[in-house]
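Asker: Read off the chains here:
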Amino acid sequence: MQLILNEEQAALAKTATDFARKRSPVARMRALRDSRDEIGFSKELWKEMAELGWTAVHIPEEHGGIGLGFFELSLILEAAGRTLMPEPFTSTLLLGANLLIASDDAHSARWLPEVCTGDALLALAWDERGARNRANRCATRAVAVDGGFRISGCKESVLDAHTADRIFVSARTGGQDSDPDGITVFSVDPAAAGLTIERQTRIDHRNCARVLFEDVRVSTDDVVGTLDSGLSLLEGTLDRATAGTAAELFGTTDEAFEIAVAYLKERKQFGVPIGSFQALQHRASRLFIELKLAESAVIAAAKAVDDAPDNVPAQVSLAKARISDAAIHVCNEAVQFHGGVGITDEYDIGLYLKRARVAELSFGDAAHHRDRWATLKGY
Amino acid sequence: MQLILNEEQAALAKTATDFARKRSPVARMRALRDSRDEIGFSKELWKEMAELGWTAVHIPEEHGGIGLGFFELSLILEAAGRTLMPEPFTSTLLLGANLLIASDDAHSARWLPEVCTGDALLALAWDERGARNRANRCATRAVAVDGGFRISGCKESVLDAHTADRIFVSARTGGQDSDPDGITVFSVDPAAAGLTIERQTRIDHRNCARVLFEDVRVSTDDVVGTLDSGLSLLEGTLDRATAGTAAELFGTTDEAFEIAVAYLKERKQFGVPIGSFQALQHRASRLFIELKLAESAVIAAAKAVDDAPDNVPAQVSLAKARISDAAIHVCNEAVQFHGGVGITDEYDIGLYLKRARVAELSFGDAAHHRDRWATLKGY
Amino acid sequence: MADLETFRTEARLWLRANAPQSLYGTREGRFDGFWGGRRSTETDPDILRWRDVMADKGWTAPTWPVEYGGGGLSRDEAKVLDEVMTELELPPAVVGFGLVMIGPTLLDYGTDAQKAEHLPKIARGETRWCQGYSEPGAGSDLASLQTRAVADGDDFIINGQKVWTSHADKSDWIFALVRTDPDAPKRKGITFILVDMDTPGVSTRPIELISGSSIFCETFFEDARVPARHVVGEVNNGWTVAKALLGYERTMIGAAISGQMLGVEDELIEQARHYLGCPEGRLPDPMLRDDIVRAAMNDQCLNLTVERIRQSLREGQAPGSESSILKVAGTEAKQARWELAIRIAGQQALGWEGPGYTDDELQRTRNWLRSRASTIEGGSSEIQLNVIASRVLGLKFPGT
Amino acid sequence: MADLETFRTEARLWLRANAPQSLYGTREGRFDGFWGGRRSTETDPDILRWRDVMADKGWTAPTWPVEYGGGGLSRDEAKVLDEVMTELELPPAVVGFGLVMIGPTLLDYGTDAQKAEHLPKIARGETRWCQGYSEPGAGSDLASLQTRAVADGDDFIINGQKVWTSHADKSDWIFALVRTDPDAPKRKGITFILVDMDTPGVSTRPIELISGSSIFCETFFEDARVPARHVVGEVNNGWTVAKALLGYERTMIGAAISGQMLGVEDELIEQARHYLGCPEGRLPDPMLRDDIVRAAMNDQCLNLTVERIRQSLREGQAPGSESSILKVAGTEAKQARWELAIRIAGQQALGWEGPGYTDDELQRTRNWLRSRASTIEGGSSEIQLNVIASRVLGLKFPGT
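In order, the protein sequences belong to chains A, B, C and D.
Residue numbering for the first sequence follows our numbering, beginning at 1 and increasing consecutively.
Residue numbering for the second sequence follows our numbering, beginning at 380 and increasing consecutively.
Residue numbering for the third sequence follows our numbering, beginning at 759 and increasing consecutively.
Residue numbering for the fourth sequence follows our numbering, beginning at 1159 and increasing consecutively.
This list has only true hints and no planted wrong ones.
Label-pair distances were calculated between CB atoms; the ranges are:
(1) D:T1184 with C:H1032: 57 to 63 Å
(2) D:D1518 with B:K644: 37 to 43 Å
(3) D:F1189 with C:G970: 57 to 63 Å
(4) B:E577 with D:T1184: 33 to 39 Å
(5) C:G970 with A:E198: 20 to 26 Å
Computed footprint of chain C on chain B, listed as stretches where at least three residues anywhere in the stretch have a Cβ under 8 Å from a Cβ of chain C:
(6) 640-651
(7) 660-670
(8) 675-685
(9) 690-702
No lab work stands behind these hints, which were simulated from the structure alone.
In this text, all values refer to a predicted model and were calculated from it rather than measured experimentally.
Yeah, the Cβ is synthetic: ideal placement off N, Cα and C, and Gly gets one too.
Between the sequences and the hints, there should be enough to build the whole structure, so can you do that?
Answerer: So this is what it looks like as structure tokens:
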């Protein structure tokens, strides 16, 4: 497996990083936060990135995409993570688009071309209170009624629901409680009667919402994939979202590390840069090692999506477990290296800590993925 | 609860430590090892310590003891741990004597006075292959025969069995496999027909043996405590042995730490003592903190045996968990601080590592005791 | 000991007779109570009456001399008093940095006039104090501070900036370190001085943290004129005074933390039961269960160690670097506890504001973020580790 | 790439035709094989024949020039050859420090005469080499070494002591660092020299470790006379040569470790199943289970990182401090693996000698104890962390 970038990939990574730094420095995210912006990101900037092709890299050509690969998308996500970009990468590209790439049906044909052009934003409502990252813990129910279903339930932490042009939702059409069977994914109009979007504010100030379904009416045509067999579709999608989140989190963490190292060189105490103290040097070196090892896992996971689909679950768990641990260590240490200013809102490093810790706790934390790894391997 | 030493206790601790350093420096243990001594310790030295009263501090006056307390014994054990003394403290005083203090029957009257005078050495055969520190996992069976029992089974890691004047053994008189009920403790003559003692050599070169029972005949008078209800007797004894082992391990670990700090001051590299390097300083400081916290737990456990019997299980688990973790960290770091010479047999620090790690893995490691703590507290 | 038991009975009777009914059961942390001062907006008549009766009795500052508004109690009596108040769940009548930091410092280093001027007002909760040590360029390297004080007749003119001045916006006085001799070696030109916050030229601005708004402020001095009689100790010898005060501060932080840990295990178990949906029996997530045990055991060791240190001090052993041990271990235990609380709550731990999160959840998340500061403030862990290495372990080599 | 595949087919055919049947399936670690040398006691005719056919083909040192007994292969071809040998489970025909340490060094720094004298014999397994770097007083601070070499006509007279000279008692030659100018700054007065172990005045003594007897020796030089033509590089410029060799050593250690980690997860699972009495399904001890996953994940990350570095090097990127990263992470992974194995075995891990312990148990325990050395030997972790801080992170401040 190729684990280093070829020339095209290196060029893409550089363009994306330059774009993020120039067009979306951390100050922009801070301004959106402080102004309590209604959208929370910029639709214009999204459209601009679509024109650069970034919303289409992993979407097959038959659906209007470029069909390069998921690894290429992961490079863009890493760049976005570096400057804490608030644009809807996770909701639209990782969750929505990957669901539709996998379902490969009429819904894909309807929405993916518009995702590629940056005209459609998507959301996937799958998480519920107490689910703890297990998509089979789905209490939302879709009751069959004449010609369709009525959906009722409450979905939590739905990323970018407030701006979505289409919401996909998992609901139970059969089975009980945590049954793997009996889950169906539906495509729902956000303006549908009975659907309420309660916007939430999280510590990273990216957008998410609680979405309430009260007898929301959908037709049989709104079924994405196959009736009652939505879990594998969801799990495949969540695996890809996790791989992408790992890449984004790597970008955030690596940047936090660079900020911390720069501070070690710049800040003086006792007449010398604090980076000249060996105790801090060794701690920084250890973080570097941990980050380099995690980076290998993050690359391998994205590569597996493209080249080794059977290995995706294990590689994804490896990547998410390792980058989550690295993110905690790097961000906590980065704040500590900063001393007092590190815990003020004025300095950026605290924003990195918050964004990293949200990503770390999302799509399963390190303990979750270690448990899954062992289960996958049968011990 | 009094957690600091009173004047008498401080004097006892000092006398014991001075004695250990003077009469049993590490070189003595090394010489016994290299000569493959038949006994593996000195019966004369044991007798001498008995004359100082150290084999009798925790034994009640009615059985010939001094009746001071278990905490006093823990101070002597700490001193013994400091110079890696190989004398049979654990087998005779922690296991054998505590069993008989608890049973408080004819066996106590028979053996405890001789323990006090240093004339009797005891052993407790309770561990078995796969027991993993759970005394209820007892496959050795005692089958009732006319006027007594026949014991068959294999006991592992029986400390000082080769010199024991009396061996106490747990055997199943009822129930299956891991049942808590149906276990009985017997008093057995080491010279009994069918009893084989296979001496073993462990990495710390203290004495232990595998003891095989093949239809070993005992009478009903040989039952210690109550028939079928030996488990609580055993568990209480093991708790006390664990508290004592924690104290001994604290002595070993604390001494290893002092040796390491002395080496940091003495060894020069790059023209300066290696202890002037801040990275090593901070690591040493962290070990010191960990050791101080563990010391508090070790003291509290020994005190609980004397003053708060209901708290013994939890306090013992606290002490053993914390000192086990501290021992691993301190000994591994102490070897690392020494560099190359740390891993040679020539330097003492490796002997500390080995002795500490045996104690750490005996009577339950840190993970075992954390699990037990939660179980005791009902979660 | 018989005397102490007599005192215990008397204290219990007196408190029962004098404490307002509404205050029973309201005891929380060491700093939860009436902070006092000229800017206080407290209006609860029971709280104000409690302050008055306790101050009259001298029990707001039990070990201080009676002439300075204290209770003249021995350390042992003061401990008994504290135990009785804990037993009755009565809050301290007055809290603050006056009582635990500048008060003890003035008792050791202040002139009679300074003691007479400040101590009684502190004991009565009439003045509230804050600490002016750190500066933007002087964090761990405190002695490199640059706030200047230039003698001008009987006054000093102060210019400079302090940071991390907790509650400065609510305080009446600040005790500050200022540089009075810029040419001397850096620890030799520092003076410890008391400044009335109403002095013209003194202003404050609150600091926002990653956890939201905070008690911290920046405090600015622009040509602030302060009478020289407010210098504590000798001019240019403030470092000695400052260090003594840091000792009181660290001991206090350690003790305060160990107090905060009480009940943490039960709280974490309860949260785990809630979020894992497991009302009883063994927790179904063995890793979280093990983490809770680790936190609980750590707290237990900390509490035992605090108690051990207390007993040593009572036996007359001099306080050494125990405060550094407690500071490092206590603050890291606190961080571990909140990290664990966040992990237990999972997605529900990510909220900054409602809807969708309970007040408890939001507060817990802020506490977690706030706890990242605990290993930095009050002398960073790195500084404490240096102190342990050099003062306790003797890893100190002149000329290296 | 097509050429490589052709080479792969050819190599496979040639190996199948020439490798002795008895050697298939005997491939183990990088250093498991025929060490050779004058003192070799190897008598297995298949092993000796394997050495001969491979040496004749030049495949004992595949990338070395043909004129020096090598195979003249490209790096890519050598990798293919290694893959084919792995596939056939064939052991290397010759192993040792000659091939991986002094050989590459002579290719870079040796004279033509030195190359001609030593390389062919190394490639044929005729001489076995050991390394004379460390001294009792010069461990991490290698440059402070004190072994002296004084010029005397066309010779140097060497006096001093080396430690950690692996296999010195079985070696024919030692490459050693000696001080030739005691007055120069410490890195400027060192010379890299080759010494025949049969030289009068050279003697060795084995070192016993905490894990028992070891490959390590002490090596003593008492007036040992060595011709000056055995100096590699310039006199007093040996530090440059020494550092280059250390680079080969570290890369080798890292790669060797990552190889050693293959199959560790399965091995640990099997042991856990045995000692916990759980032949299938979920392991009943969740903490051990989690620890096994941690070890497995760590190995996987290490392997991926080694592969990433290999690919970068193949793309022509210069080797940087990757060796330091692999050294630290690899040796700690190794320690963690053995610590875990010990924990899994519990009481059965405590044996030093029988009875009562299986050979596997005894070996595992020795391996665990031996692994404590891995973070010390070959450049301690502390030295590697210094290297990463200064060379990679740029935490290097002249004048501090």
